[in-house]
Amino acid sequence: MAAITEGTSCLGVLLAAGASRRFGPDDKLLAPFLGGPLVARAASALDAAGCNAVAAVVSSPAVAARLPETFARVFIAPDQPMAASFHRAIDLARERGAARLLICLGDMPGVPAELLRRLRRGATSNACTIGGARMPPMVLLARDYAAARAGAEGDRGARRFLAALPAEGLLKLTPDQARDIDRPADIAGAEAG
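Its first residue numbered 6, the sequence shown is counted upward by one per residue in my numbering.
Keep in mind that a hint or two might mislead.
[Unchecked claim] Estimated spans, in silico, between C-beta atoms of each pair:
#, residue 1, residue 2, range
1, F80, T179, 13 to 23 Å
2, S49, G127, 17 to 27 Å
3, A193, E119, 18 to 28 Å
4, G127, R99, 13 to 23 Å
5, G41, R188, 13 to 23 Å
6, P180, A53, 18 to 28 Å
7, A197, G136, 15 to 25 Å
8, A152, A70, 33 to 43 Å
9, R188, A53, 20 to 30 Å
10, A197, A155, 39 to 49 Å
These are calculated hints, taken from the structure and not from any lab test.
Cβ atoms here follow ideal geometry from the backbone N, Cα and C, with glycine treated the same way.
Kindly produce the complete structure, drawing on both the sequences and the hints.
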């Protein structure tokens, strides 16, 4: 497991602690996807995004075991609302003195590393959009950590902070990039895309 050192310029964090209730009894992040577990696809893109360090917020030891060795594992209790993972990512960035925090979701396998690199290099906090909806992946500058954390509660995560971002700077996602996996049928659609 990789160490996250003090003064990290950009910390990449994969949020991978969800309960995946809509997926059924199995953990969706471990579902087979293009030759590996679903979580590996998003982790690989984040790993290639050029961050100084990468970590994953997880609640399952099985998911943690399927992450690349480059990822530090940060555990939270299972069955927490989405905001708990988001809070933990921001807290980790603060603890490590990261100037910016790049956040990705473990159930969005279509996000390419190049888009993450573009987010990481931006001059402001930013996120993505499709059809007017604002969504992760997102990057936060250190000056925005407190505001982003304060606005996240329950299963809304970063929604309030995302709504306040200027529309003109948002990076546009394609439908394949924006697809998240919620149900088993979503796997086949994402693999075909």
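Unsatisfied constraints (hint numbers, rising): 1
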